[in-house]
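Respectively, the protein sequence lines represent chains A and B. If you're matching positions, the first sequence starts at 1 in our numbering and goes up one per residue. If you're matching positions, the second sequence starts at 1001 in our numbering and goes up one per residue.
Please keep in mind that the hints were generated in silico from the structure rather than gathered at the bench. Hints may contain errors.
Straight line, CA to CA, 30 Å or less: simulated BS3-like cross-link-like pairs of lysine-lysine [what the hints assert, rightly or not]:
#1 K1042/B with K50/A
#2 K1022/B with K49/A
#3 K1042/B with K1117/B
Examples of chain A residues toward chain B, derived with CB under 8 Å [what the hints assert, rightly or not]:
#4 L89
#5 L104
#6 Q105
#7 D108
#8 E184
All values derive from a computational prediction rather than experimental measurement. Cβ coordinates follow ideal geometry from the N, Cα and C atoms, glycine included.
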Amino acid sequence: MLSRESPSDLMETQVMRLLSGVSTHGDQHLAEVERDLVQMDVLLNEAIKKLCTSFMAIHHAIDLQQETLKSMLSTGEPAPEQAARLEMLREEIGQHVGAAVTGLQFQDMTSQLIGRMVQHLAGLRDVFGELGTNGAADLPESGSEEMLVMLNRISDRVGARCSELAGAVRSTVNQRHMESGDIELF
Amino acid sequence: MKTILAVDDSGSLRQMLSFSLKAAGYGVIEAIDGEDGLNKAKQQTVDLVLTDQNMPGMDGLSLIKALRAMKNYQSVPILMLTTESGDDIKAMGRAAGANGWLVKPFDPTRLTEVVKKLIG
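Starting from the given sequences, assemble the full structure and let the hints guide the process.
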């Protein structure tokens, strides 16, 4: 079937295949990087919002705790309502610290996203590297047959590089907020 | 004091786990990946293992399989704590021997409630 095509048709087919492969794989890597950047932006905004809220709430609760302690010290003996208020404030501070602990986990998730982006960018570099290694410097001096073989080999190697990467990249982080995740006991 | 082995390659996550579990009265041993976790589990039998899935080298699922192959870890509760929440990976965790699946980020109160339920 191939033999029916003229050498220039075959060349055109191979060049188109190579360009299409580079475009598809390049686009896949860049789309993943773009998606991870958007995801990271969402998580960072959520985390900072959560941490700011927790910080202000802890600050406010400590202020109230200090006022209660001052009042207790001035009267000499703690009234039952003052002791109850202190206990309530202790619990409140604990809740806000817990929320801050959840918010602080953004570093773990964003670091996973950054790791994925680095892998995709390395993949893109590999694709271009394949073109460079097998490209202009190694162009056959004459003969469209050698050129066809070379183009075919580059296309195959670009495809192989992308398949290798697909298996190596970690799965993405899908969380869209910094609230705690689901818990399931088996 | 009950001891928990916390395995995660993220230093900040280990710090948060340690802080939360120690505040609830548990002892915590930290490990930086599956292999480190396995070595520490061999040195001392812990009461519960909490492990991440995606780690360089030995991942969480491999760690669970290795632990379940050890006589003294056949009935120790093992929880996965990971960003992954797909049904397939959960099923793999369950098949490997995990007792539960916690999706990050964790809430310290909910985490300690689950731990308390499993080991008291």
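Results of checking the hints against the structure:
1. Pair hint K1042/B plus K50/A does not hold up; C-alpha atoms about 39 Å apart against a cutoff of 30 Å.
2. The suggested pairing of K1022/B with K49/A holds, with an alpha-carbon distance near 27 Å, which does not exceed 30 Å.
3. Taken as a hint, the K1042/B and K1117/B pair is honoured in the structure, with Cα atoms around 25 Å apart against an allowance of 30 Å.
4. The beta carbon of L89/A is not positioned within 8 Å of any beta carbon in chain B (closest approach about 17 Å), and the interface hint is therefore violated.
5. A distance limit of 8 Å between C-beta atoms decides the matter here; for L104/A the minimum to chain B is near 6 Å, and the interface restraint holds.
6. Hint status for Q105/A relative to chain B: holds, with the closest Cβ pair at about 4 Å, below 8 Å.
7. Of the supplied interface hints, the one on D108/A holds, with its beta-carbon coming within about 4 Å of a beta-carbon of chain B, less than 8 Å.
8. For E184/A, the suggested interface contact is upheld, since its CB lies about 5 Å from the closest CB of chain B, less than 8 Å.
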